[in-house]
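Participant: The listed protein sequences derive, respectively, from chains C and P.
851 is the number of the first residue of the first sequence in this note's numbering; add one for each residue after it.
652 is the number of the first residue of the second sequence in this note's numbering; add one for each residue after it.
You may find that some hints are simply not true.
Here are the simulated DSS-like cross-link-like pairs (lysine-lysine), alpha carbons at most 25 Å apart as the crow flies [claimed, not checked]:
1. C:1065 - C:1092
2. P:724 - C:868
3. C:960 - C:970
4. C:860 - C:1065
5. C:1092 - C:1082
6. C:958 - C:970
7. C:960 - P:804
8. C:1082 - C:860
9. C:958 - P:804
10. P:804 - C:964
11. P:724 - C:922
12. C:922 - C:860
13. C:922 - P:804
Hints were generated in silico from the structure; no laboratory data involved.
Okay, here's what each chain looks like letter by letter:
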Amino acid sequence: MPEPILSIRKLTKRYGDKVIFHDLDLDVNEGDTIVIIGPSGTGKSTLLRCINLLTRSESGQIWFGGKEITAKGTNEDHVRQQIGMVFQNFLLFNHLSALENVKLGLIKVKHLSKAAAEAKAMEELERVGLADWAGHYPGQLSGGQQQRVAIARALAMDPQIMLFDEPTSALDPELIGEVLEVMRSLALEGMTMMVVTHEMGFAREVADRIVFMEKGSIVEEGSPNEMFNRPKFERTREFLWKITELYGKKDHGEE
Amino acid sequence: MAFFKLCFCGQKYGLLVLPVIRQELKGENLDFLTLLKYIAEGTAYTLGVTAIALPSGLLIGILLAFLYVYGGKGIARVMNVYSTIMRGVPPLVLLFLLYFVVSKGINLSGFWAGSISLGIVSSAYQMEIIRGALLSVGNDQLMAARAIGMSRKQAVLNIVLPQALRLAIPPWSNEAAIIIKDSSLVYALGVPEILRRAQLIGASTQQPLLAYMSAALIYFVLVTVTNRLLNMLEKKLTVPSNH
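For reference, chain C alone in the conformation it holds in the complex:
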């Protein structure tokens, strides 16, 4: 067994008295795509935010690339540079063009020259199929395009892992396909990914492992085949059946 790139041990997060999740254990191997599913309010998004230290966990440890990033004195900015994050509502920088959105981190964080940053940013926009839209502002792009720019912005930092927090939940149905397509090709290229989503077509096809979370703990995890065809728990079967009924019948006209 290779050393996992990300290990979560006994991680607990509370807001006041409310326990979001507790004693969570999870390993992510390099190159794997992990899809996290579960009812809303079970702490899936919070888990992602804890991993890139946007939210502080109360106890437990997160190991990333062999280092404990929950340890005191960790350089948070440095950790976040290596962990890409894509948000449900895109969160592009509204006053910057698509190209500038991707470029800014390269200049400010990676200290690339302007020319080098521009070249790298264009490369990333090409990768998500938006080279022709480089000069457009977020307000001039569709939701699907905005989310692809957001993915390009995260990729530009050359992260070792990408976190997707319900990347298609805020999109019109006809725009979901283009974003999933980008994510699918990323997974094929061997990017390590953790994806919180309700897109069961994507999960079935792309995930190496599906993790089912409910009420702050991991109920069950396994390969798509195990989870869809012979889950250990009745609750998993029930949830998967429901969510497939709701979202996953067709993969939004992709196939």
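For this one, chain C is given, so just place chain P on it according to the hints.
Facilitator: For chain P alone, kept in the frame of chain C given last:
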């Protein structure tokens, strides 16, 4: 400046003792244009006071707004007290207070003391404008910037501030108009700006109506032009959008 020196001789007008008027203008029945021209010569002072008070108020305002929004609860409370006091007292009263405090320490002319004092008064209002703008840009933009590894400072300066300043232009344009108009308050410190000159010539020619009308006209033009310019700036800086 000895020409306009204040003298406290306990007369009816207290501080507002009239300096000597140029001999040739005294007592004559002047036509409107000559009168306007005489008063308009004070425009340089009015613009000077505004050009010092407004940017210095903005600089202090931005700094205090940062402290207010990002400085934690304790500092926010201090800022709130500052803002409440500054906005709760008439600017003229503050002007006198600051003038006498400031000029105790350093020997400043009425022009400089007045301009700086007005800038300090304005900083409280401008702090509130910038604070509101920072808050309406929201924490999500900050979070997105931090997610790609920017430090808090980088995120605020590169992502939040540019958007906040755009949002602040319309209310700031209001404040600019207020400062141009409030610059007339420094007349009480003996600065020969528009209002003071209008008062002087109005009294000496016994044409107060014409004199104050001229002053009103000049202020009106200054404020309108400034608002138009800021309006153009706002349009120019608007981020393109289809929605």
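Participant: Does each hint hold? Answer for all of them.
Facilitator: Consistency of the hints with the structure:
Note on residue 1065 of chain C and residue 1092 of chain C: the hinted pairing holds, with a Cα-Cα distance of about 17 Å set against a maximum of 25 Å. Of the pairs offered as hints, the one joining residue 724 of chain P and residue 868 of chain C holds, with about 24 Å between alpha carbons and a cut-off of 25 Å not exceeded. Taking the CA atoms of residue 960 of chain C and residue 970 of chain C, the gap is near 12 Å; set against the 25 Å cutoff, the hint holds. For the suggested pair residue 860 of chain C and residue 1065 of chain C, the alpha carbons sit about 15 Å apart, so the restraint of at most 25 Å is met.
Annotation: proposed proximity of residue 1092 of chain C to residue 1082 of chain C holds, straight-line Cα distance about 17 Å (limit 25 Å). A hinted pair counts as satisfied when its Cα atoms are at most 25 Å apart, and residue 958 of chain C with residue 970 of chain C qualifies at roughly 14 Å. Between residue 960 of chain C and residue 804 of chain P, the direct Cα distance comes to roughly 16 Å. Compliance with the 25 Å bound is thereby established for this hinted pair. About 23 Å separates the Cα atoms of residue 1082 of chain C and residue 860 of chain C, which keeps this hinted pair within 25 Å; it holds.
For the hint linking residue 958 of chain C to residue 804 of chain P, the alpha-carbon distance of about 11 Å falls within 25 Å, and the restraint holds. Between residue 804 of chain P and residue 964 of chain C the CA atoms are separated by roughly 21 Å; this keeps the pair inside 25 Å, and the hint holds. Annotation: proposed proximity of residue 724 of chain P to residue 922 of chain C holds, straight-line Cα distance about 24 Å (limit 25 Å). Taken as a hint, the residue 922 of chain C and residue 860 of chain C pair is honoured in the structure, with Cα atoms around 17 Å apart against an allowance of 25 Å.
Under the criterion of a C-alpha separation no larger than 25 Å, the hint pairing residue 922 of chain C with residue 804 of chain P is consistent with the structure, at around 21 Å.
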